[in-house]
Amino acid sequence: MTEEAQEQQIQDGRIQNEDELHKKLYRLRKLKEEQKQADEQRERELADTAAWYQPGTDRRSVEIADVEALISDYYMRRYEENPHYRFKSRNGSVSKRKNTKFDHDDKRLVNLVDPKFVKTTKKLDWSAYKKTLTVMDDGRCVNEDGEIVPVTAHDEIKVIIKTKEDD
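Counted from 1, the sequence shown has number 71 at position 72 by numbering that gives the first Met the number 0; the numbering is strictly sequential.
Take every hint as true, because none was put in to throw you off.
For lysine-lysine, the following DSBU-like pairs were computed, each having C-alpha atoms within a straight-line distance of at most 30 Å:
#1 K97 to K87
#2 K157 to K130
#3 K22 to K161
#4 K22 to K163
#5 K106 to K118
#6 K35 to K163
#7 K161 to K31
#8 K157 to K35
#9 K35 to K22
#10 K157 to K22
#11 K97 to K115
#12 K129 to K118
#13 K100 to K115
#14 K23 to K35
Simulated DEER-style distance windows between Cβ atoms:
#15 A64 to K95: 16 to 24 Å
#16 I156 to D124: 21 to 29 Å
#17 Q15 to D57: 54 to 62 Å
#18 I159 to K35: 14 to 22 Å
#19 H21 to E146: 48 to 56 Å
Since the hints were made in silico from the structure, they are not lab data.
Glycine included, each C-beta is placed from N, C-alpha and C at the ideal position.
Full structure from sequences and hints, please.
Structure, rendered in structure tokens:
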């Protein structure tokens, strides 16, 4: 190979022969090994961090729930005395909000209520529909009735690259 041809090949950036392909597959394998080592190290560090972090988090969660229960208990006792009671300080505030919660079963109600309250959605079953289509040479598709539908098809080739560790 002449010097110009080698330079053109380098500028091109494309693999020109099987020897270069072999080298690129080797490089790909080594890069994946490096990434695997980095991932394993990250998992070890995350496990160490979780081992340090989780006990404190669990303990604080229990304490937070206990303190919130005490505050709620105090507030509800004061609320029974005065329905307009609120507390506000620089550390926070305690007040109420009244909500109406409905316990219901949608499956039972859907047949009992007026249809204007029932949502229905239209969804295409693509996997079943595409089996009924015929693809023409130019990529357009025809349905069972012989009508052209707004669907185009094209073949694609997927290159599968496996390194030794992927097997």
